[in-house]
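**Student:** Using the sequences plus the hints, can you model the full thing?
Spelled out, the chains give:
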Amino acid sequence: MHEAPPALDFWSMLFVFMLATFIGVGVIRRVSRLLHTPLMSLTNAISAIAVVGSIIVTGSDHPWHIRMLGAIALFASVTNIVSGFLITDRMLKMFKSDGGRR
Amino acid sequence: MIQALTQLAYLLATGLFVLSLHWMNDPKTARRGVHAGVAAMLTAVIATWAQPHIIVHHGWIVVAIAAGIGVGWPLSRVPLTAVPQRTALSHAFGGLAAGLVGTAEYFLWLHEAQANLTPFRMSAIIIEIILGYLTFTGSLMAAGKLQEIRWIPQRPVTYPLQNVTNIGMLAIAVGLGVALVLNPTAPWAANAFMAIIGLALGFGVLLIIPIGGADMPTVISILNSYAGLSAVAMGFVLDNKLLITAGALDGSSGLILSIIMCRAMNRSFTNVLFGAFGKVEAVKKTGEQKSYKPETTEGAAQVLEQANLVVIVPGYGMAVAQAQHKVRELYDQLKKRGVTVKFAIHPVAGRMPGHMNVLLAEADVPYTDLVEMDEINPDMPQCDVALVVGANDTVNPAARYEKSSPIYGMPIVDADKARTVFAIKRSKNPGFAGIDNELYFADRTWMLFGDAKAVVGDLVKQLSGGSGMH
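Chains as they are written, first to last, in the numbering used here: chain A, 1 to 102; chain B, 1 to 470.
Simulated from the structure, these hints should not be mistaken for laboratory data.
Just so you know, not all the hints are guaranteed correct.
Stated by the list, open to error - Using 30 angstroms as the maximum straight-line C-alpha spacing, the simulated DSS-like pairs for lysine-lysine come out as follows: (1) A:96 to B:403; (2) A:96 to B:293; (3) B:417 to B:336; (4) A:93 to B:293; (5) B:403 to B:336; (6) B:453 to B:342; (7) B:453 to B:293; (8) B:342 to B:461; (9) B:417 to A:93; (10) B:453 to B:336; (11) B:336 to A:96; (12) B:335 to A:93; (13) B:417 to B:403; (14) B:461 to B:335; (15) B:28 to B:342; (16) B:403 to B:335; (17) A:93 to B:403; (18) B:336 to B:28; (19) B:336 to A:93; (20) B:461 to B:403; (21) B:336 to B:461; (22) B:453 to A:96; (23) A:93 to B:28; (24) B:335 to B:28; (25) B:461 to B:417; (26) B:293 to B:403; (27) B:461 to B:293; (28) B:461 to A:96.
What the hints assert, rightly or not - Per label pair, the in silico range of CB-to-CB distance: (29) B:340 to A:14: 45 to 55 angstroms; (30) A:65 to B:148: 55 to 65 angstroms; (31) B:332 to A:65: 53 to 63 angstroms; (32) B:168 to A:65: 26 to 36 angstroms; (33) A:11 to B:77: 55 to 65 angstroms; (34) B:179 to A:65: 18 to 28 angstroms; (35) A:61 to B:164: 41 to 51 angstroms; (36) A:64 to B:74: 22 to 32 angstroms.
Yeah, the Cβ is synthetic: ideal placement off N, Cα and C, and Gly gets one too.
**Tutor:** Pasting the structure below:
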């Protein structure tokens with residue numbers, strides 16, 4: 001059984017969380033307001049990084065009902081990844097500047 | 001060795017995610033941002049999957065991924081008017097995934113490795129499932145309202161002691177959570193855990209019931225933020241820094257968008273979530289008879305033709321009537337005559353942040369002519385014609401002085417400062433929110449009654465017909 005180590009370095013996780021939030025705020029503030037809808041679908045796809053946790057739960061040597069929960073979570077995350085990235089790209093393709101028009 | 005490679009891949013993915021969002025700051029580089037995001041995601045998935053010491057079962061992974069692709073692909077092909085619903089639905093999926101993983105980890109450790117249930121990790125699990133499940137049902141409700149599903153009431157539903165009930169439910173869930181953190185393996189622990197899930201699911205529904213269409217942009221942003229934070233909590237549970245960073249990026253994005261939306265409506269978070277719009281009806285209806293001045297499309301077309309600067313103010317009505325393509329034709333006709341045409345975009349126009357921009361971009365309007373409210377307002381006094389297409393609250397001058405109005409203090413597009421205002425309106429009844437719009441009765445305003453798409457189409461016909469005569 002390969003469980004996560006019991007002693008967690010939660011302080012470093014809190015540091016990572018805080019710094020990532022500041023980076024996120026700094027980067028998102030400069031996103032063009034034109035693109036707020038695609039931004040939301042993109043961050044949606046990015047937060048489907050929960051796929052990582054779902055794969056671990058689904059694929060590990062756990063009882064089947066635990067893995068079943070993981071598989072549903074995995075399905076939900078993959079749905080978000082696929083639809084999130086595809087629709088973001090579809091929307092962004094439509095944004096053209098004046099010069100870029102036929 | 002494999003572990004180091006996995007961590008290296010996660011590090012790479014984290015960097016790519018940050019770059020991905022960075023490239024969204026300009027429409028020119030934005031698509032590169034998507035590609036970076038896809039690359040990061042693929043890296044993360046492969047690195048996670050290729051850990052033979054952890055991942056020993058593959059069948060269900062393949063099935064779940066295939067099913068996810070099967071559902072995700074059609075969801076990405078929805079018409080752009082349905083983008084708000086799709087976004088809400090994907091927040092629901094994000095919340096569900098976080099909730100389920102949290103549930104799985106808890107029961108796994110409860111039965112097999114109780115030493116893992118440290119207070120820190122237990123707190124993270126509780127936060128993960130509360131946020132995850134409330135985001136799940138809350139976003140489903142929001143998606144249902146946006147899709148106008150029949151059995152979900154569109155109007156804000158309010159009842160006595162609503163806030164007490166809602167906050168009470170959340171407080172009980174948090175209280176049970178604290179008890180679980182202190183005694184994660186008590187005999188009653190599993191039941192308490194299930195009770196928290198039930199309360200979070202119920203709270204999500206009750207939170208959205210009192211929210212009306214005009215508040216949707218803010219609510220969607222807040223739910224976006226919750227979905228991100230639940231991924232962060234999952235990262236704390238699984239000791240995975242990639243989850244923490246990516247979730248934090250999503251969480252901060254939702255936070256910033258919510259702040260922008262709240263500012264654009266001059267309301268606070270708490271006011272949006274707990275101060276239901278439902279009170280509106282009681283305030284107004286001081287019905288002294290004011291009269292509209294109707295105008296024909298012929299007349300309006302003549303005025304538009306003579307103008308130097310025309311500002312079009314789109315709103316949710318344009319999306320409902322699917323009028324964006326006709327609006328683009330009007331834009332082309334006017335441009336051909338040397339008229340300068342700009343679009344005034346209010347931050348909360350539509351049902352989600354940036355909704356109008358996407359619709360107009362779809363109709364091929366260059367984004368250089370989509371101007372933010374704050375930038376265009378100083379030019380409004382020089383504007384010859386303001387054409388209001390399906391916007392209502394975002395151009396209501398009552399927001400400036402009418403203290404009793406629910407939209408008092410909200411920044412608006414100064415359409416009323418234009419020399420002439422044409423407002424397209426479907427019927428003579430007051431709008432959805434039940435608030436009279438002062439703009440419609442102003443001296444310089446003329447009404448064009450009818451469906452937005454039909455009226456704009458008529459204007460285009462008048463303009464193109466006119467040019468054929470000469």
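**Student:** Look at each hint and say if it fits the structure.
**Tutor:** Here is how each hint holds up against the structure:
1. Distance hint between residue 96 (chain A) and residue 403 (chain B) is unfulfilled; the C-alpha atoms sit about 41 angstroms from each other, more than 30 angstroms.
2. Only pairs whose Cα atoms come within 30 angstroms are accepted, and residue 96 (chain A) paired with residue 293 (chain B) is rejected, the gap being roughly 38 angstroms.
3. Restraint check: the Cα-Cα separation between residue 417 (chain B) and residue 336 (chain B) comes to about 25 angstroms, which is no more than 30 angstroms; the hinted pair holds.
4. Restraint check for residue 93 (chain A) and residue 293 (chain B): not satisfied, since their Cα atoms lie roughly 41 angstroms apart, outside the 30 angstroms limit.
5. Under the criterion of a C-alpha separation no larger than 30 angstroms, the hint pairing residue 403 (chain B) with residue 336 (chain B) is inconsistent with the structure, at around 43 angstroms.
6. About 19 angstroms separates the Cα atoms of residue 453 (chain B) and residue 342 (chain B), which keeps this hinted pair within 30 angstroms; it holds.
7. The hinted pair formed by residue 453 (chain B) and residue 293 (chain B) meets the criterion: a straight-line CA distance of about 21 angstroms does not exceed 30 angstroms.
8. The suggested pairing of residue 342 (chain B) with residue 461 (chain B) holds, with an alpha-carbon distance near 20 angstroms, which does not exceed 30 angstroms.
9. Restraint check for residue 417 (chain B) and residue 93 (chain A): not satisfied, since their Cα atoms lie roughly 35 angstroms apart, outside the 30 angstroms limit.
10. With a C-alpha separation of about 21 angstroms, the suggested pairing of residue 453 (chain B) with residue 336 (chain B) holds against the 30 angstroms cut-off.
11. Proposed proximity of residue 336 (chain B) and residue 96 (chain A) is supported: the alpha carbons are some 19 angstroms apart, at most 30 angstroms.
12. Between the alpha carbons of residue 335 (chain B) and residue 93 (chain A) the distance comes to roughly 23 angstroms, so the proposed pair stays at or under 30 angstroms and holds.
13. This hinted pair checks out: residue 417 (chain B) and residue 403 (chain B) have alpha carbons roughly 21 angstroms apart, not beyond 30 angstroms.
14. Simply put, residue 461 (chain B) and residue 335 (chain B) have alpha-carbon atoms about 15 angstroms apart, close enough for the 30 angstroms limit, and the pair holds.
15. For the suggested pair residue 28 (chain B) and residue 342 (chain B), the alpha carbons sit about 20 angstroms apart, so the restraint of at most 30 angstroms is met.
16. For a cut-off of 30 angstroms, the pair hint linking residue 403 (chain B) to residue 335 (chain B) is broken: about 40 angstroms separates their Cα positions.
17. Among the hinted pairs, residue 93 (chain A) with residue 403 (chain B) is inconsistent with the structure: their alpha-carbon atoms are about 43 angstroms apart, more than 30 angstroms.
18. Under the criterion of a C-alpha separation no larger than 30 angstroms, the hint pairing residue 336 (chain B) with residue 28 (chain B) is consistent with the structure, at around 26 angstroms.
19. Our distance criterion of 30 angstroms between C-alpha atoms is met by residue 336 (chain B) and residue 93 (chain A), whose separation comes to about 25 angstroms.
20. A distance of roughly 42 angstroms separates the Cα atoms of residue 461 (chain B) and residue 403 (chain B); the hinted pair therefore is violated under the 30 angstroms criterion.
21. Taking the CA atoms of residue 336 (chain B) and residue 461 (chain B), the gap is about 14 angstroms. The hint holds against a cut of 30 angstroms.
22. Restraint check for residue 453 (chain B) and residue 96 (chain A): the C-alpha separation of about 23 angstroms stays at or below 30 angstroms, so the hint holds.
23. The hinted pair formed by residue 93 (chain A) and residue 28 (chain B) meets the criterion: a straight-line CA distance of about 10 angstroms does not exceed 30 angstroms.
24. This hinted pair checks out: residue 335 (chain B) and residue 28 (chain B) have alpha carbons roughly 24 angstroms apart, not beyond 30 angstroms.
25. A C-alpha spacing of about 28 angstroms is found between residue 461 (chain B) and residue 417 (chain B), which places the hinted pair at or below 30 angstroms, so the restraint holds.
26. For the proposed pair residue 293 (chain B) and residue 403 (chain B), the alpha carbon gap of about 26 angstroms is at most 30 angstroms, so the pair holds.
27. For the suggested pair residue 461 (chain B) and residue 293 (chain B), the alpha carbons sit about 22 angstroms apart, so the restraint of at most 30 angstroms is met.
28. Restraint check for residue 461 (chain B) and residue 96 (chain A): satisfied, since their Cα atoms lie roughly 26 angstroms apart, inside the 30 angstroms limit.
29. Judged by the Cβ atoms, the range 45 to 55 angstroms given for residue 340 (chain B) and residue 14 (chain A) holds: they are separated by roughly 53 angstroms.
30. For residue 65 (chain A) and residue 148 (chain B), the hinted distance range of 55 to 65 angstroms is not satisfied, since their beta carbons lie about 37 angstroms from each other.
31. Between residue 332 (chain B) and residue 65 (chain A) the CB atoms are about 60 angstroms apart, so this pair conforms to the stated range of 53 to 63 angstroms.
32. The given range of 26 to 36 angstroms is respected by residue 168 (chain B) and residue 65 (chain A), whose C-beta atoms sit roughly 32 angstroms from each other.
33. Residue 11 (chain A) and residue 77 (chain B) have their C-beta atoms about 45 angstroms apart, which leaves the hinted 55 to 65 angstroms range violated.
34. Range check, residue 179 (chain B) to residue 65 (chain A): Cβ separation about 25 angstroms, and the 18 to 28 angstroms hint holds.
35. Residue 61 (chain A) and residue 164 (chain B) have their C-beta atoms about 47 angstroms apart, which keeps the hinted 41 to 51 angstroms range intact.
36. At about 29 angstroms, the CB distance of residue 64 (chain A) to residue 74 (chain B) agrees with the hint of 22 to 32 angstroms.
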